[in-house]
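Q: Sequence:
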Amino acid sequence: MAAISAAMVKELRERTGLGMMECKKALQEANGDIEQAIDDLRKNAGLKSAKKAGRIAAEGAIVIRAADDASFAAMLEINSETDFVARDENFKAFAQNVAAKAFEARSEDVAALMEGELEDARNQLVQKIGENISVRRIAIVEAPEGVVGGYVHGDRIGAVVVLKGGNADVARDIAMHVAAINPAVARPEDMPQEQLDHEKSIILAQPDMAGKPTEIAEKMVQGRLKKYLAENSLVNQPFVKDPNVSVAEYAKSAGGEVVSFVRFEVGEGIEKEEVDFAKEVMEQAGLNK
Numbered sequence: 047m048a049a050i051s052a053a054m055v056k057e058l059r060e061r062t063g064l065g066m067m068e069c070k071k072a073l074q075e076a077n078g079d080i081e082q083a084i085d086d087l088r089k090n091a092g093l094k095s096a097k098k099a100g101r102i103a104a105e106g107a108i109v110i111r112a113a114d115d116a117s118f119a120a121m122l123e124i125n126s127e128t129d130f131v132a133r134d135e136n137f138k139a140f141a142q143n144v145a146a147k148a149f150e151a152r153s154e155d156v157a158a159l160m161e162g163e164l165e166d167a168r169n170q171l172v173q174k175i176g177e178n179i180s181v182r183r184i185a186i187v188e189a190p191e192g193v194v195g196g197y198v199h200g201d202r203i204g205a206v207v208v209l210k211g212g213n214a215d216v217a218r219d220i221a222m223h224v225a226a227i228n229p230a231v232a233r234p235e236d237m238p239q240e241q242l243d244h245e246k247s248i249i250l251a252q253p254d255m256a257g258k259p260t261e262i263a264e265k266m267v268q269g270r271l272k273k274y275l276a277e278n279s280l281v282n283q284p285f286v287k288d289p290n291v292s293v294a295e296y297a298k299s300a301g302g303e304v305v306s307f308v309r310f311e312v313g314e315g316i317e318k319e320e321v322d323f324a325k326e327v328m329e330q331a332g333l334n335k
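47 is the number of the first residue of the sequence shown in this note's numbering; add one for each residue after it.
No wet-lab data here; the hints were simulated from the structure.
Owing to the predicted nature of the structure, the values given are computational and were not obtained by experimental measurement.
Treat the hints with care, as some may be off.
[Claimed, not checked] Cut-off 25 Å, straight-line C-alpha distance, at most; resulting in silico cross-link-like pairs (DSS-like, lysine-lysine): (1) LYS174 with LYS210; (2) LYS265 with LYS287; (3) LYS273 with LYS287; (4) LYS272 with LYS246; (5) LYS147 with LYS70; (6) LYS246 with LYS287.
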């Protein structure tokens with residue numbers, strides 16, 4: 047049997063889009079002949095997932111796995127092409143399996159995590175359901191001086207909050223707030239300077255700023271920036287379950303202080319594919335020359 051090098055496996059992966067172990071096995075069975083391996087994979091439909099790999103996977107689910115002592119949590123986004131598949135029990139089971147592995151490894155490295163059995167499981171799932179499935183991102187959120195709390199809404203929005211002090215129930219409540227309200231940052235001081243500069247430029251361009259003396263204009267800008275920070279910083283927002291208190295006050299009532307948060311929403315930043323069905327039918331019929 048010919049020796050199977052890493053370069054050969056890499057080439058076959060690039061040409062087929064299939065997993066490392068599947069490519070290695072195909073090369074072994076083809077005695078190192080890449081073209082033969084491709085033919086064999088075509089014959090047994092192994093390239094079905096490769097053909098699908100270019101399609102946009104903008105549906106899916108968010109999964110959170112938290113430690114029993116609330117010291118850390120793993121949150122991941124796994125994508126499918128349709129909402130129908132995202133509700134499939136096989137898809138959900140795969141998502142939970144990946145979350146468990148990420149939790150155990152305490153790793154955000156998707157590529158490393160998906161090597162071996164998880165990638166094989168992904169390919170098998172693609173073959174079974176006929177859609178592209180991808181693990182998009184993983185966040186490992188740690189609380190060295192307190193607790194984490196996670197919340198998932200409808201499998202589509204997830205948030206994990208880190209508190210200094212406090213307890214996991216309060217952290218979970220605040221994670222629910224983050225999922226619902228989507229604050230820009232945890233604290234005012236976390237707001238990027240470029241975002242503040244951008245907001246300032248917008249304020250200065252507003253009609254009521256025209257002709258104002260510099261000193262008055264600056265005071266107006268600072269006042270509006272302060273309001274902007276209050277509205278977009280988690281700690282200053284009215285708590286969604288009790289608008290009479292701020293999020294910071296709610297955390298403090300349990301001896302906690304908000305440190306940070308991570309929020310995932312399925313498909314955010316992914317441009318969904320717009321399908322022209324008339325054009326697609328014509329192309330399949332060979333009429334679109």
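Q: Next step is simple, just say for each hint if it's right about the structure.
A: Results for each hint:
{"no.": "1", "hint": "LYS174 with LYS210", "result": "45 Å, violated"}
{"no.": "2", "hint": "LYS265 with LYS287", "result": "34 Å, violated"}
{"no.": "3", "hint": "LYS273 with LYS287", "result": "22 Å, holds"}
{"no.": "4", "hint": "LYS272 with LYS246", "result": "11 Å, holds"}
{"no.": "5", "hint": "LYS147 with LYS70", "result": "23 Å, holds"}
{"no.": "6", "hint": "LYS246 with LYS287", "result": "32 Å, violated"}
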